[in-house]
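Undergrad: Read off the chains here:
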Amino acid sequence: MTWETVIGLETHVQLSTKTKLFSRASTTFGKSPNTNVNLIDCGLPGVLPSVNKEAFYKAIRFGMAVGSKINQTSIFDRKNYFYADLPKGYQITQMDLPIVLGGKIDIETDSGIKTINITRAHLEEDAGKSIHDEFDGFSAIDLNRAGTPLLEIVSEPEISNAKEAVSYMKAMHQLVTFLDVSDGNMSQGSLRCDANVSIRKKGDSKLGTRTEIKNINSFKFIEKAINFEIKRQVQVLESGGNVIQETRLYDSYKDETRPMRSKEFANDYRYFPEPDLLPVVISDSEMQEIKDHFPELPKEKKARYQKEYGLAIYDAQIIASSKSMADFFDAAVQKTKNYILLSNWLIGEISAFLNKETIEINESKLSAENVAVLINRIDDQTISGKIAKSIFEEMCSSGESPDQIIESKGLKQITDDDSIEKVVDEVIANNPDQVEGYQSGKDKLLGFFVGQVMKETQGKANPQTVNKILKEKLTK
Amino acid sequence: MSIQYKTISQLREMIDAKSISSQELVKETLKLAESLKELNCFVTMNKDEGIKKAIEVDGTNTSNSLLKGIPLAQKDLFCTEGLRTTCSSKILADFVPPYTATAVEKLENAGSITIGKTNMDEFAMGSSNETSFFGNVHNPWKKGYVPGGSSGGSAAAVAAGIIPAATGTDTGGSIRQPAAHCGITGIKPTYGRVSRWGMIAFASSLDQAGPLARSAEDCAILLNEMSGYDPKDTTCLNVENTNLLQSINQPIKGLKIGIVKEFNLGDLKAEVQIRFEESKKIYESLGAEFVEISLPSISASVPTYYSIAPAECSSNLSRFDGVRFGYRAKDTDDLNDLYIKSRSEGFGDEVKRRILIGTYALSAGYYDAYYKKAQQVRRLIKNDFEVAFRSIDLIMTPTSPGTAFAFGSKGVQNPVELYLEDLFTISSNLAGLPAISIPHGKVNGLPVGLQLIGNFLKEDLLLNAAHIFQQNSEFHLERPSMEEF
Numbered sequence: 001m002t003w004e005t006v007i008g009l010e011t012h013v014q015l016s017t018k019t020k021l022f023s024r025a026s027t028t029f030g031k032s033p034n035t036n037v038n039l040i041d042c043g044l045p046g047v048l049p050s051v052n053k054e055a056f057y058k059a060i061r062f063g064m065a066v067g068s069k070i071n072q073t074s075i076f077d078r079k080n081y082f083y084a085d086l087p088k089g090y091q092i093t094q095m096d097l098p099i100v101l102g103g104k105i106d107i108e109t110d111s112g113i114k115t116i117n118i119t120r121a122h123l124e125e126d127a128g129k130s131i132h133d134e135f136d137g138f139s140a141i142d143l144n145r146a147g148t149p150l151l152e153i154v155s156e157p158e159i160s161n162a163k164e165a166v167s168y169m170k171a172m173h174q175l176v177t178f179l180d181v182s183d184g185n186m187s188q189g190s191l192r193c194d195a196n197v198s199i200r201k202k203g204d205s206k207l208g209t210r211t212e213i214k215n216i217n218s219f220k221f222i223e224k225a226i227n228f229e230i231k232r233q234v235q236v237l238e239s240g241g242n243v244i245q246e247t248r249l250y251d252s253y254k255d256e257t258r259p260m261r262s263k264e265f266a267n268d269y270r271y272f273p274e275p276d277l278l279p280v281v282i283s284d285s286e287m288q289e290i291k292d293h294f295p296e297l298p299k300e301k302k303a304r305y306q307k308e309y310g311l312a313i314y315d316a317q318i319i320a321s322s323k324s325m326a327d328f329f330d331a332a333v334q335k336t337k338n339y340i341l342l343s344n345w346l347i348g349e350i351s352a353f354l355n356k357e358t359i360e361i362n363e364s365k366l367s368a369e370n371v372a373v374l375i376n377r378i379d380d381q382t383i384s385g386k387i388a389k390s391i392f393e394e395m396c397s398s399g400e401s402p403d404q405i406i407e408s409k410g411l412k413q414i415t416d417d418d419s420i421e422k423v424v425d426e427v428i429a430n431n432p433d434q435v436e437g438y439q440s441g442k443d444k445l446l447g448f449f450v451g452q453v454m455k456e457t458q459g460k461a462n463p464q465t466v467n468k469i470l471k472e473k474l475t476k
Numbered sequence: 001m002s003i004q005y006k007t008i009s010q011l012r013e014m015i016d017a018k019s020i021s022s023q024e025l026v027k028e029t030l031k032l033a034e035s036l037k038e039l040n041c042f043v044t045m046n047k048d049e050g051i052k053k054a055i056e057v058d059g060t061n062t063s064n065s066l067l068k069g070i071p072l073a074q075k076d077l078f079c080t081e082g083l084r085t086t087c088s089s090k091i092l093a094d095f096v097p098p099y100t101a102t103a104v105e106k107l108e109n110a111g112s113i114t115i116g117k118t119n120m121d122e123f124a125m126g127s128s129n130e131t132s133f134f135g136n137v138h139n140p141w142k143k144g145y146v147p148g149g150s151s152g153g154s155a156a157a158v159a160a161g162i163i164p165a166a167t168g169t170d171t172g173g174s175i176r177q178p179a180a181h182c183g184i185t186g187i188k189p190t191y192g193r194v195s196r197w198g199m200i201a202f203a204s205s206l207d208q209a210g211p212l213a214r215s216a217e218d219c220a221i222l223l224n225e226m227s228g229y230d231p232k233d234t235t236c237l238n239v240e241n242t243n244l245l246q247s248i249n250q251p252i253k254g255l256k257i258g259i260v261k262e263f264n265l266g267d268l269k270a271e272v273q274i275r276f277e278e279s280k281k282i283y284e285s286l287g288a289e290f291v292e293i294s295l296p297s298i299s300a301s302v303p304t305y306y307s308i309a310p311a312e313c314s315s316n317l318s319r320f321d322g323v324r325f326g327y328r329a330k331d332t333d334d335l336n337d338l339y340i341k342s343r344s345e346g347f348g349d350e351v352k353r354r355i356l357i358g359t360y361a362l363s364a365g366y367y368d369a370y371y372k373k374a375q376q377v378r379r380l381i382k383n384d385f386e387v388a389f390r391s392i393d394l395i396m397t398p399t400s401p402g403t404a405f406a407f408g409s410k411g412v413q414n415p416v417e418l419y420l421e422d423l424f425t426i427s428s429n430l431a432g433l434p435a436i437s438i439p440h441g442k443v444n445g446l447p448v449g450l451q452l453i454g455n456f457l458k459e460d461l462l463l464n465a466a467h468i469f470q471q472n473s474e475f476h477l478e479r480p481s482m483e484e485f
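So the protein lines, in turn, are chains Y and C.
According to our numbering, the stretch in the first sequence is residues 1 to 476, in order.
According to our numbering, the stretch in the second sequence is residues 1 to 485, in order.
These are calculated hints, taken from the structure and not from any lab test.
Built from N, CA and C at the ideal position, the CB exists for glycine as well.
Mixed in with the good hints, there may be bad ones.
Said to hold, decoys possible - Here are some chain Y residues the structure puts well away from chain C; computed CB gaps all over 10 Å:
| # | residue |
| --- | --- |
| 1 | Ser198 |
| 2 | Phe294 |
| 3 | Lys422 |
What the hints assert, rightly or not - FRET-style restraints, in silico, Cβ to Cβ:
| # | chain 1 | residue 1 | chain 2 | residue 2 | range |
| --- | --- | --- | --- | --- | --- |
| 4 | C | Lys232 | Y | Thr73 | 19 to 25 Å |
| 5 | Y | Gly240 | C | Ser363 | 33 to 39 Å |
| 6 | C | Ala93 | Y | Pro279 | 36 to 42 Å |
| 7 | C | Gly408 | Y | Asp268 | 34 to 40 Å |
| 8 | C | Val239 | Y | Lys299 | 47 to 53 Å |
| 9 | C | Gly266 | Y | Pro279 | 40 to 46 Å |
| 10 | C | Val239 | Y | Thr73 | 20 to 26 Å |
| 11 | Y | Pro279 | C | Asp16 | 44 to 50 Å |
| 12 | Y | Met287 | C | Leu245 | 42 to 48 Å |
| 13 | Y | Pro33 | C | Met482 | 53 to 59 Å |
| 14 | Y | Lys69 | C | Pro231 | 28 to 34 Å |
With the hints as extra help, turn the sequences into a complete structure.
TA: See the structure below:
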């Protein structure tokens, strides 16, 4: 039997606002527990929410980028359920009138570009965090995250396999980071998704029973969780069973999904309009303001890099595909004239380093200014390309500026003919056999002499000059 | 010199004439409250802090506020920083808020002194003050009789002359009905006039804070200070505040007052009807005209209210879960057990009843039939008022169908009997309109109230009509004998 998979994703994007959705408490990640919390966040008796418009602007920016209809009047609803890290006993969210309706997002698949339709995207507040394993016999609550603004983006069930799901999430990541809607940091939970997975016989028009895998927070896990779930559902159906509609959790240690205990999710959320908030209205002039300050998206960046800086199409594409890389390039390119060399370094040496460390460039010790200086020192022949590589390693580990490193390690390139000639003379005098060999036609020995000169100068001699002088002297 | 039964203006004169200092006044008030402890008006006294504040106020000459140095009491659902705030519930019996409600803060910034927190129906759910965890409040007019509710402690404390005025809140009549039963004046402002920040919510779309006092004039003094835009409450109206004191004492000749056909006043007790007719005559003698009006959907007010208010309360009260503040049950097995035991032990029966009703009204499959339908009917009731106010200035009704009643005599077997206490008051909450209750005589020795309902933001008109009535009658000057206490 051939089975066909149908996947819909609910993506939770943590909006990068300075303060929370309904309070003025900070959203900074990684603060000690319960410090980013004010009266509203812990749901004290008598407190009331007031909206953070910045979150609306970000949600609207997302909607505009994917061609959605924007509901300029937003209504909030309460989703009622009890959980220890949900301070009010309800979550403020949007049910009937989401801020963003419809839209499309293009993803890359093995067979080319595929368009996935967006059903809706709505604003809601995040819950806090329960900590179950740090205090003997007790669970602890950290409300730092409570009230952080989330945009929940719901896709149509148009994703056909795990790889497409990953591709969708990558496209989503690119979009929300370029739009400055979110920092997209998946390990900190800024971008995570619930996957609704079902299978059906190939050719069936009716959807199979779906399961929902909750809270997946890495590209790798999305692929693994969905693939596990597809396999599981196929096994259930092929052995004559029925898939039960349920919520499941992906366990990355065991690489499996399993049902959540029924207590971990409620069935009836008793949604009703939030009476503490009046409808939030976004004016036409606010909409225009958002349009007028729309961030540059990858496509536009790529075209600009080709046109303004003469980058090759492939290079421009790579740099423009990551927000942190593009930001870095945009900053560094202001401080150097050799755009091509900068681009080569970003795609070559720098990318290799980042991949090895599996970090983003903004998480490294590299600054745009320092990299630009490094490019400039190669460009003005203060250092050779080879020395540049060792300086780069130093920059990566210490964060020091290239000029500091050149200065403190004495790496400045020797370019004057006299100094190099002196070393060349020494090398020739010390290696009579090789001189004879070269002169009898073994041209390849030139490399040996270059190596010796470089060794004597700790690599600081300008290679072109060394070559030139060696050739002159040896052919005499 | 006795300070009992004094109005704000009388106390103001005494302070300004230096015949009493604020410190002496506050100490006298606390003494009076102590001697009338049996009434059970107060849940918590603010003795030391109150006296300290009075000394401070005595030492400043800057403010010329009418409330400077005047003792007031706050209903115990307004959060007061450092001062226990219980909502008359076991679940908040030890709750000390870290912040102060906007309405109280404004009154205190005007120089008034909070001398204590008043008893109330638990979480403001009730019309007799009998659901309080801290016990019944006696009506100063008759021991063993209810003061009305839910702002029963505030009403009784003012009626007994302990304080000149107190704050209350009104979700379905909780200021006006106890004011009526205790023979004092109380106004529920337009929804959004007073900030709800710091006011522990019962039903968010209906709750509104207001004053209870010995006269319409004193109500105006308090409301002037309490109202105003507050960015912390998005439902708070951003409108200019008129000085309500300046707008009272205007002639009411030509004022058009509507009598609601659908209220079938003929069904009420004869004595209540007589009081109502007498008050009509007073207004007529002052030049007001009466017209019969129709509010076709008004008969649906009580069921509409009892779908919406419990629905909102079921959600609003979810935060009382024993996790972060308030009562937490001991010896619980797991989180669910913690919720069940803390809430079962912490809430009283009426609160539980309303949480259950509300949870039911919001449940999948019932939402459309109850909550949504109720919201649609609410819209119709609002429209009725909108149409009526095109041809009239005010609406006049009795505040309550009867007088105060004996403890335990109503609603014990059948809660709905008690829900009907709110028959005349509920519709102005549903429509968001301002309404005032003023005393207009007694029936069987117990006070009855007259209610005036105004159009949106017409508190000035309401207070003026009430003030003029009080200038031309003496009902508001009557005092209980207090012999029993």
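Undergrad: If a hint holds in the structure, say so; if it does not, say that too.
TA: Going down the list of hints, with the structure as the test:
The Cβ of Ser198(Y) lies farther than 10 Å from every Cβ of chain C, with a closest approach of about 23 Å, so its non-interface assignment holds. Distance check on Phe294(Y): its Cβ is at least 28 Å (rounded) from any Cβ of chain C, clearing the 10 Å threshold; non-interface status holds. Once the 10 Å rule is applied to beta carbons, Lys422(Y) is consistent with being away from chain C; the minimum gap is 78 Å. Lys232(C) and Thr73(Y) have their C-beta atoms about 22 Å apart, which keeps the hinted 19 to 25 Å range intact.
Restraint check, Gly240(Y) to Ser363(C): a C-beta distance of roughly 36 Å satisfies the suggested window 33 to 39 Å. At about 38 Å, the beta-carbon gap between Ala93(C) and Pro279(Y) stays in the expected band of 36 to 42 Å. Distance hint check: the CB atoms of Gly408(C) and Asp268(Y) are about 36 Å apart, consistent with the given range 34 to 40 Å. Range check, Val239(C) to Lys299(Y): Cβ separation about 49 Å, and the 47 to 53 Å hint holds.
In this structure, Gly266(C) and Pro279(Y) meet the distance hint of 40 to 46 Å, their C-beta atoms being roughly 43 Å apart. Between Val239(C) and Thr73(Y), the C-beta spacing of about 21 Å keeps the proposed range 20 to 26 Å intact. Our hint of 44 to 50 Å for Pro279(Y) and Asp16(C) holds, since their Cβ atoms are close to 48 Å apart. Distance hint check for Met287(Y) and Leu245(C): the Cβ-Cβ separation is about 44 Å, which falls inside the suggested range of 42 to 48 Å.
Our hint of 53 to 59 Å for Pro33(Y) and Met482(C) holds, since their Cβ atoms are close to 55 Å apart. Here the CB-CB span from Lys69(Y) to Pro231(C) is close to 30 Å, well matched to the stated 28 to 34 Å.
Checked against the numbered hints given earlier, this structure breaks none of them.
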